[in-house]
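Please model the complete structure; the sequences and the hints are all you need to start from.
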Amino acid sequence: MDHKDKATAIFKDNLQNFLFVLPAFAIFCVFYIYPFYKMINLSFYDWRGIGPMHFIGLANYKELMGDNLWWNSMWHAGYITLIALVFQNPLAFALALACDQQIRMKRFYRVVFFIPPVLSQLVVGLIWNWILNPEMQNGQHIGFLNHFLYSSGFPQLVHDWLGDPKTALTTIAIVNSWQGFGWGFIMFLAGLQTIDKQLYEAARIDGASAWKTFTNITMPMMLPVILVVIILTILGCMQVFVLILALVNEGLVNHTDVPVTRIFSAMQNTNRFGYACAEAVIFGTILVCVSFITKRVSDKAKQA
Amino acid sequence: MKVNKYFFWGMTRSTLIHVFLMSVALTCLFPIFWMVRCAFMTNATVFVDQSLIPHHLDFGNFAIAWTKGNFAVFLLNSVIYTVCVVTGIVFISSLAAYSFSRLNFPGKNIIFYLFVAAMMIPLPGSFVALFVLMTKLHLVNSRFGYILCMINVGLSMSILLFKTFFDKMPRELEDAARIDGCGKIGIWWNMAMPFARPVIAVIVIFNSLTVWNEYILAMLLLGDTKLMPLQRGIMVFQGANSTDYPVLMAGLTMAAVPIIVVYLFMQKHIVKGLTSEEVMG
Numbered sequence: 000m001d002h003k004d005k006a007t008a009i010f011k012d013n014l015q016n017f018l019f020v021l022p023a024f025a026i027f028c029v030f031y032i033y034p035f036y037k038m039i040n041l042s043f044y045d046w047r048g049i050g051p052m053h054f055i056g057l058a059n060y061k062e063l064m065g066d067n068l069w070w071n072s073m074w075h076a077g078y079i080t081l082i083a084l085v086f087q088n089p090l091a092f093a094l095a096l097a098c099d100q101q102i103r104m105k106r107f108y109r110v111v112f113f114i115p116p117v118l119s120q121l122v123v124g125l126i127w128n129w130i131l132n133p134e135m136q137n138g139q140h141i142g143f144l145n146h147f148l149y150s151s152g153f154p155q156l157v158h159d160w161l162g163d164p165k166t167a168l169t170t171i172a173i174v175n176s177w178q179g180f181g182w183g184f185i186m187f188l189a190g191l192q193t194i195d196k197q198l199y200e201a202a203r204i205d206g207a208s209a210w211k212t213f214t215n216i217t218m219p220m221m222l223p224v225i226l227v228v229i230i231l232t233i234l235g236c237m238q239v240f241v242l243i244l245a246l247v248n249e250g251l252v253n254h255t256d257v258p259v260t261r262i263f264s265a266m267q268n269t270n271r272f273g274y275a276c277a278e279a280v281i282f283g284t285i286l287v288c289v290s291f292i293t294k295r296v297s298d299k300a301k302q303a
Numbered sequence: 000m001k002v003n004k005y006f007f008w009g010m011t012r013s014t015l016i017h018v019f020l021m022s023v024a025l026t027c028l029f030p031i032f033w034m035v036r037c038a039f040m041t042n043a044t045v046f047v048d049q050s051l052i053p054h055h056l057d058f059g060n061f062a063i064a065w066t067k068g069n070f071a072v073f074l075l076n077s078v079i080y081t082v083c084v085v086t087g088i089v090f091i092s093s094l095a096a097y098s099f100s101r102l103n104f105p106g107k108n109i110i111f112y113l114f115v116a117a118m119m120i121p122l123p124g125s126f127v128a129l130f131v132l133m134t135k136l137h138l139v140n141s142r143f144g145y146i147l148c149m150i151n152v153g154l155s156m157s158i159l160l161f162k163t164f165f166d167k168m169p170r171e172l173e174d175a176a177r178i179d180g181c182g183k184i185g186i187w188w189n190m191a192m193p194f195a196r197p198v199i200a201v202i203v204i205f206n207s208l209t210v211w212n213e214y215i216l217a218m219l220l221l222g223d224t225k226l227m228p229l230q231r232g233i234m235v236f237q238g239a240n241s242t243d244y245p246v247l248m249a250g251l252t253m254a255a256v257p258i259i260v261v262y263l264f265m266q267k268h269i270v271k272g273l274t275s276e277e278v279m280g
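So the sequence lines, in the order shown, correspond to chains A and B. Start counting the first sequence at 0; every next residue gets the next number (numbering that gives the first Met the number 0). Start counting the second sequence at 0; every next residue gets the next number (numbering that gives the first Met the number 0).
A few of these clues could be false.
Quick list of in silico lysine to aspartate or glutamate cross-link-like pairs, EDC-like style, CA-CA up to 16 angstroms [to be verified]: (1) K183/B - E173/B; (2) K183/B - E171/B; (3) K67/B - D179/B; (4) K196/A - D99/A; (5) K107/B - D12/A; (6) K183/B - D12/A.
If you are wondering where the hints come from, they were derived from the structure by calculation, not from laboratory data. Predicted model, so just to flag it, every value in this text is computed and none were measured.
Here you go:
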């Protein structure tokens with residue numbers, strides 16, 4: 000009898016403890032785990048959103064392998080990511096180094112650099128769309144950039160930046176970097192501030208040059224932060240979508256579309272839900288692999 | 000001492016640093032300034048007058064956007080969604096995190112690691128399946144449906160942040176509360192929540208930003224103008240006013256200014272959240 004009471008008490012206790020987690024777990028199951036499962040499941044079907052579902056095995060994936068538009072869109076996102084890795088992150092790092100010195104107005108810079116990241120991609124895209132406007136009215140360029148180039152003596156540089164397939168993607172990548180660098184800056188600056196100032200002091204006394212100090216103290220200490228920023232940059236830029244939607248809308252479909260655009264149009268424009276899910280599965284897998292490889296490579300680099 | 004030489008070098012160096020920082024800062028601010036500037040012009044002047052400060056300020060665009068453009072509705076909706084989602088996230092995730100941190104039940108670790116894994120695995124295309132699910136549940140064009148989806152978006156990270164904080168809470172605090180006759184819920188509400196105040200600030204500000212700026216799910220799930228949040232509304236508005244740039248800029252200003260103001264007041268917490276070890280993994 001006593002033993003039974005104790006078991007009931009333990010059971011009640013466990014149940015109570017589980018009830019704390021229940022609301023979160025329920026929402027998580029319905030809105031994360033089920034869609035996750037459903038996404039993989041639907042990718043084996045041919046389905047138009049309504050009506051009968053046809054099981055077609057791996058046919059969606061086979062088609063995807065030969066879908067040039069899809070792999071092009073992957074390359075576009077890769078290009079935007081590359082620009083961010085090569086220009087945006089070093090710029091953010093340089094700004095963080097500059098702000099880590101004893102200079103005035105540090106707070107001002109820190110506040111200003113993080114304003115673009117708090118704006119939504121939609122607002123940023125529409126502002127830049129207006130600044131980059133290629134049209135003319137009454138012999139004047141109405142977009143600020145072209146007007147500025149024209150009136151400051153570079154009329155040959157006036158260009159339809161977002162309308163020309165040759166420059167559109169680069170322009171998008173630059174706007175993307177404009178929005179993103181402040182975020183890397185904040186991470187780098189926080190990293191720099193955790194480095195013990197005594198290390199620099201010791202290096203100075205030993206007569207180390209500024210460059211030596213940078214490569215022997217700053218860089219090794221910053222490696223973990225740099226790694227995190229690189230991975231988050233890759234994940235963030237590969238998934239950019241709303242910014243492009245706001246910048247070019249449907250303008251240059253085959254020159255500026257990214258994987259998320261393809262997934263979206265498979266679902267909304269052609270109603271191919273199964274195919275959209277197959278794209279989503281492949282894209283998600285690639286992202287996980289890329290961030291895993293980046294981590295492995297940098298772990299190796301750290302040991303060496 | 001070569002004071003003069005060092006002084007000279009120091010001055011040149013800091014001037015160069017300031018030129019660098021200031022030019023980037025101006026590049027950051029200019030597009031935002033240009034948006035606000037154009038919002039105060041009319042369709043007649045915006046194509047002619049390219050001076051930095053327009054000669055004549057016109058407030059009419061804001062009135063047009065507010066009434067004809069439905070911005071009053073969009074703004075109210077955005078506030079409703081943000082408040083509901085953030086409140087939901089704080090309560091639901093802190094309850095779960097408290098249990099993960101201090102209480103026990105079979106399978107606890109498995110469930111916790113599911114949440115952590117969800118944070119690590121990017122799901123860029125899950126909106127397709129989510130849309131299918133929401134259609135089945137008749138939660139398309141429903142405030143409730145959108146709120147639940149958005150709560151899910153912020154859940155994993157908030158649970159992780161709360162849990163790391165609760166792990167640091169001294170046991171003595173809890174024991175004292177228990178002796179005073181507090182139950183589990185009482186300890187969570189009276190001890191753990193006040194203790195976690197700094198982390199609550201971070202969670203509130205971060206999730207507010209996410210909800211306020213969210214677009215994709217709003218586009219998929221909310222087709223009814225009366226239910227749309229700002230971001231979704233702007234896109235509809237842009238479609239209708241695609242050539243009326245001053246009115247469009249007025250709309251964008253109304254969407255951007257609240258978030259910038261909140262950021263200026265809360266920037267300490269934003270920086271703390273971005274750089275906390277939990278986020279850095």
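Next on the checklist: Going through the numbered hints above, which ones does this structure break? Give me the numbers in ascending order.
Outcome noted: 3
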